[in-house]
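S.K.: One line per chain: the protein sequences are A and B, in this order. FYI, in this note's numbering the residues of the first sequence are 1 to 394. FYI, in this note's numbering the residues of the second sequence are 1 to 394.
Calculated from the structure, these hints are not laboratory results. Some hints here could point you the wrong way.
[Claimed, not checked] Simulated restraints, written as ranges between beta carbons of each label pair: (1) Arg313(A) x Ser80(B): 34 to 44 Å; (2) Ala363(A) x Glu69(B): 27 to 37 Å; (3) Ser56(B) x Arg262(A): 23 to 33 Å; (4) Arg142(B) x Gln64(A): 24 to 34 Å; (5) Ala55(A) x Arg356(B): 41 to 51 Å; (6) Gly228(B) x Arg313(A): 54 to 64 Å; (7) Glu263(B) x Arg233(A): 49 to 59 Å.
[What the hints assert, rightly or not] A few chain A residues facing chain B, derived, Cβ under 8 Å: (8) Gln81; (9) Leu84; (10) Gly153; (11) His155; (12) Trp160; (13) Leu177; (14) Leu197; (15) Thr209; (16) Ile212.
Glycine included, C-beta positions come from ideal geometry on N, C-alpha and C.
There are 2 protein chains.
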Amino acid sequence: VALPPVRASKAREDLTSAAPAGRVAPAAATQDPPAPPISPVDLEGVRERVDRALASLVERRRDQLDFLEEDAPPLLAALSQAVLGPGKRLRPAFVYWGYRAAGGEPHGPGAELAIGAGCAVELLHACALTCDDVMDGSRTRRGRPAAHVRFAGLHRRERWSGDPEGFGRSVATLLGLLLSGWAEQAVVEAGVPAERLPEVLGLLDLLRTEAIGGQYLDVVQARRGVAGEAEVRRAVTFKTAKYTVERPLHLGLAIAGGGRLREALSAYALPLGEAFQLRDDLLGAFGDPAVTGKPFGQDLREGKQTWLLLRARRLAEPAARELIDRSVGQPWLRGERLDEVCALLVECGALAECERRIAGLFAEALAALDAAAPPAPARAALTALARYATGRWR
Amino acid sequence: VALPPVRASKAREDLTSAAPAGRVAPAAATQDPPAPPISPVDLEGVRERVDRALASLVERRRDQLDFLEEDAPPLLAALSQAVLGPGKRLRPAFVYWGYRAAGGEPHGPGAELAIGAGCAVELLHACALTCDDVMDGSRTRRGRPAAHVRFAGLHRRERWSGDPEGFGRSVATLLGLLLSGWAEQAVVEAGVPAERLPEVLGLLDLLRTEAIGGQYLDVVQARRGVAGEAEVRRAVTFKTAKYTVERPLHLGLAIAGGGRLREALSAYALPLGEAFQLRDDLLGAFGDPAVTGKPFGQDLREGKQTWLLLRARRLAEPAARELIDRSVGQPWLRGERLDEVCALLVECGALAECERRIAGLFAEALAALDAAAPPAPARAALTALARYATGRWR
Chain A
1 VALPPVRASK
11 AREDLTSAAP
21 AGRVAPAAAT
31 QDPPAPPISP
41 VDLEGVRERV
51 DRALASLVER
61 RRDQLDFLEE
71 DAPPLLAALS
81 QAVLGPGKRL
91 RPAFVYWGYR
101 AAGGEPHGPG
111 AELAIGAGCA
121 VELLHACALT
131 CDDVMDGSRT
141 RRGRPAAHVR
151 FAGLHRRERW
161 SGDPEGFGRS
171 VATLLGLLLS
181 GWAEQAVVEA
191 GVPAERLPEV
201 LGLLDLLRTE
211 AIGGQYLDVV
221 QARRGVAGEA
231 EVRRAVTFKT
241 AKYTVERPLH
251 LGLAIAGGGR
261 LREALSAYAL
271 PLGEAFQLRD
281 DLLGAFGDPA
291 VTGKPFGQDL
301 REGKQTWLLL
311 RARRLAEPAA
321 RELIDRSVGQ
331 PWLRGERLDE
341 VCALLVECGA
351 LAECERRIAG
361 LFAEALAALD
371 AAAPPAPARA
381 ALTALARYAT
391 GRWR
Chain B
1 VALPPVRASK
11 AREDLTSAAP
21 AGRVAPAAAT
31 QDPPAPPISP
41 VDLEGVRERV
51 DRALASLVER
61 RRDQLDFLEE
71 DAPPLLAALS
81 QAVLGPGKRL
91 RPAFVYWGYR
101 AAGGEPHGPG
111 AELAIGAGCA
121 VELLHACALT
131 CDDVMDGSRT
141 RRGRPAAHVR
151 FAGLHRRERW
161 SGDPEGFGRS
171 VATLLGLLLS
181 GWAEQAVVEA
191 GVPAERLPEV
201 LGLLDLLRTE
211 AIGGQYLDVV
221 QARRGVAGEA
231 EVRRAVTFKT
241 AKYTVERPLH
251 LGLAIAGGGR
261 LREALSAYAL
271 PLGEAFQLRD
281 DLLGAFGDPA
291 VTGKPFGQDL
301 REGKQTWLLL
311 RARRLAEPAA
321 RELIDRSVGQ
331 PWLRGERLDE
341 VCALLVECGA
351 LAECERRIAG
361 LFAEALAALD
371 AAAPPAPARA
381 ALTALARYAT
391 GRWR
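My request is simple: use the sequences and hints to build the entire structure.
M.R.: See the structure below:
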């Protein structure tokens with residue numbers, strides 16, 4: 001079964017060293033386009049506008065936490081890192097372009113509301129990342145220590161009593177609860193008109209409930225092991241496709257007051273979100289830690305039930321399959337054995353199938369976007385975002 | 001230093017075997033009144049109305065989680081236990097009586113909104129209890145297994161892979177995030193008029209932020225050890241007094257549209273909330289597990305920095321103080337040594353001082369209520385609630 005580990009390395013290289021695929025360009029979906037000057041999350045300045053709004057939001061939260069006095073600094077630092085650290089702001093981009101798809105103006109009060117709703121989703125995302133790192137025991141996030149690791153470090157430096165890791169987990173969880181709770185307030189403070197507030201808050205609630213439910217499915221499946229295709233796709237639909245693409249677009253529509261495109265944009269969002277997750281799975285298995293910010297093979301060690309793994313189990317020879325089943329979900333899966341498993345995922349054809357499936361889902365999403373026929377700028381941006389979200393480099 | 005453990009047992013008995021002190025009665029604050037027919041949380045049927053609204057809310061959430069399919073039952077069962085399990089519904093009672101204090105009618109649409117806002121606070125409380133149990137590593141809640149313990153048990157029974165305790169903590173945290181997120185939705189779904197929604201949601205946000213901040217102070221102080229009086233009182237103000245009494249009352253005022261009493265009710269709420277925490281500290285140190293639902297001495301083992309402990313450090317002889325400092329915050333603090341420490345807390349006069357302080361704060365709260373002069377039914381109810389919240393039996 002031992003395959004030359006060079007195969008896995010080759011797959012890693014192909015996946016991470018390609019030219020940025022997420023830039024706006026008229027190139028075909030299956031081919032990496034040349035790098036043009038602007039990333040799709042930056043179209044109409046969305047990323048910068050979101051970052052500005054998030055910074056002012058964090059400022060207001062700092063004032064609200066003044067009562068913590070001398071104990072405030074570590075929590076405020078973690079808050080800033082969680083919200084204002086580097087991020088693609090992909091979900092706010094979908095909120096904004098959902099708003100523009102429904103005919104919203106690029107500037108003025110409506111646009112500010114869309115940016116505000118985007119911030120709400122970004123706060124939920126900061127919560128999700130903070131809590132996921134606690135649940136997965138991930139030590140790093142975007143190449144820096146995860147929040148729970150920072151607080152465990154504080155505990156050690158100060159030589160406090162008790163278990164530093166437990167303390168780190170506790171404070172990171174409190175931070176997650178704060179971030180999640182502020183999402184609603186981001187919408188309220190953005191000034192969403194009172195009569196539209198119940199609908200917008202209802203969507204935010206749905207987005208959060210679905211994301212948490214999807215994460216629950218993911219956690220259960222990783223522990224139970226060997227999931228079926230329907231199960232895996234269900235988790236992906238809720239923890240990723242609805243959370244990352246569909247509900248943000250719906251939020252944008254609700255802000256613009258235009259529900260007409262709701263179904264049509266779902267038809268674009270759901271295949272795109274699934275393709276986004278498949279790309280994430282490939283990066284999780286083969287991605288360079290310097291790019292993904294996560295250590296090699298973490299998803300495989302955790303036993304994450306991905307579509308990639310599911311296909312590999314179907315396609316692999318019995319001996320290879322047995323090796324995969326004995327290795328996935330094992331905390332010791334590192335070094336040569338990890339390389340061997342990665343090589344098997346390539347060798348059996350699962351990686352190639354995954355790439356084909358991404359391309360197919362991408363095409364499906366674009367066809368749905370064609371049918372939805374939003375105004376030209378939204379159509380161009382949603383096309384570029386689809387390429388970006390499913391591309392090898394993002 | 002060894003005192004007869006009978007002293008601690010005696011204190012426990014005094015604290016837990018007295019006749020219910022929380023019943024409505026004209027008796028003096030410092031004396032247990034005879035038991036009358038109705039508990040103050042049941043006045044005007046508030047507890048039952050809240051329980052009914054919570055049950056219908058959980059029903060709607062069940063439908064929303066249908067997508068979890070065969071994985072739904074364990075999460076739904078934990079959700080029901082967290083929200084619909086036995087509870088005093090003290091915070092919803094303060095919301096309701098804040099509403100009545102501002103002149104709200106006991107029945108009709110306004111009252112339903114107050115009950116809905118009470119449910120929101122109760123959902124946040126269910127989140128707090130679920131997450132606190134994870135943070136403290138408490139195995140039981142109200143005498144039953146805590147949520148994280150139930151999920152760890154599921155993991156073991158199903159013989160899943162990985163660490164059962166880690167799985168239990170992860171799922172309990174997800175449950176906490178769900179509960180917290182649903183608070184806003186409880187207010188929206190109750191039908192709070194659009195023009196009042198921003199204020200009500202703002203108060204809910206403040207309540208949550210203060211409670212989480214207070215809990216953060218509490219966690220830090222327990223690990224750092226030996227806190228000063230100002231520090232301890234700050235944590236108590238935010239994690240208890242504002243969270244349990246002041247903000248619920250303010251929510252009720254906002255529902256009734258009457259901000260006139262805001263300051264006056266704060267003057268009632270803050271001393272009362274502090275007294276409530278002092279009673280909780282006494283129950284935490286001396287309370288019967290059968291009544292408190294928590295094992296003997298848990299607060300002392302965790303090193304919780306309470307006012308009781310602070311006074312004991314001031315009042316105790318050097319040898320006794322040294323024994324206290326060497327024992328508090330130690331996971332091995334059980335059995336005879338625990339009895340010894342409890343006896344010292346009594347012997348040095350800290351328990352008696354705590355009782356005197358509770359009586360003083362109670363009197364302060366009632367004087368403020370007098371000055372606020374709300375309508376007679378609200379005044380009677382808030383008096384009874386104050387007695388209930390600070391009484392030896394609740």
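S.K.: A separate judgement is required for each hint: does it hold in the structure or not?
M.R.: Each hint, compared with the structure:
1. Between Arg313(A) and Ser80(B) the beta carbons are some 36 Å apart, a value that agrees with the proposed interval 34 to 44 Å.
2. Between Ala363(A) and Glu69(B) the CB atoms are about 29 Å apart, so this pair conforms to the stated range of 27 to 37 Å.
3. Range check, Ser56(B) to Arg262(A): about 27 Å between beta-carbon atoms, so the 23 to 33 Å window is met.
4. A beta carbon spacing of about 32 Å between Arg142(B) and Gln64(A) agrees with the range 24 to 34 Å that was offered as a hint.
5. In this structure the hint that Ala55(A) and Arg356(B) lie 41 to 51 Å apart at CB holds, the actual value being about 49 Å.
6. The hinted range of 54 to 64 Å is satisfied by Gly228(B) and Arg313(A), whose Cβ atoms lie roughly 60 Å apart.
7. Distance hint for Glu263(B) and Arg233(A): a CB-CB separation of about 56 Å, consistent with the stated range 49 to 59 Å.
8. Annotation: interface hint on Gln81(A) violated; nearest CB of chain B at approximately 16 Å, more than 8 Å.
9. At its closest, the beta carbon of Leu84(A) sits 18 Å from a beta carbon of chain B; the interface hint therefore is violated under the 8 Å criterion.
10. Annotation: Gly153(A) was flagged as interfacial toward chain B, and the flag is violated, the nearest CB pair being 13 Å apart, outside 8 Å.
11. Checking His155(A) against chain B: minimum C-beta separation of about 6 Å stays under 8 Å; hint holds.
12. A least Cβ separation of about 4 Å between Trp160(A) and chain B falls short of the 8 Å threshold, and the interface hint therefore holds.
13. A hinted interface residue such as Leu177(A) counts as satisfied when its beta carbon comes closer than 8 Å to some beta carbon of chain B; here the least separation is about 5 Å, so the hint holds.
14. Because the beta carbon of Leu197(A) sits about 6 Å from the nearest beta carbon in chain B, less than 8 Å, this interface hint is met.
15. Interface hint at Thr209(A): satisfied, since its Cβ lies 6 Å from the closest Cβ of chain B, which is below the 8 Å cut-off.
16. For Ile212(A), the shortest C-beta to C-beta distance to chain B is roughly 5 Å, which falls under 8 Å, so the interface hint holds.
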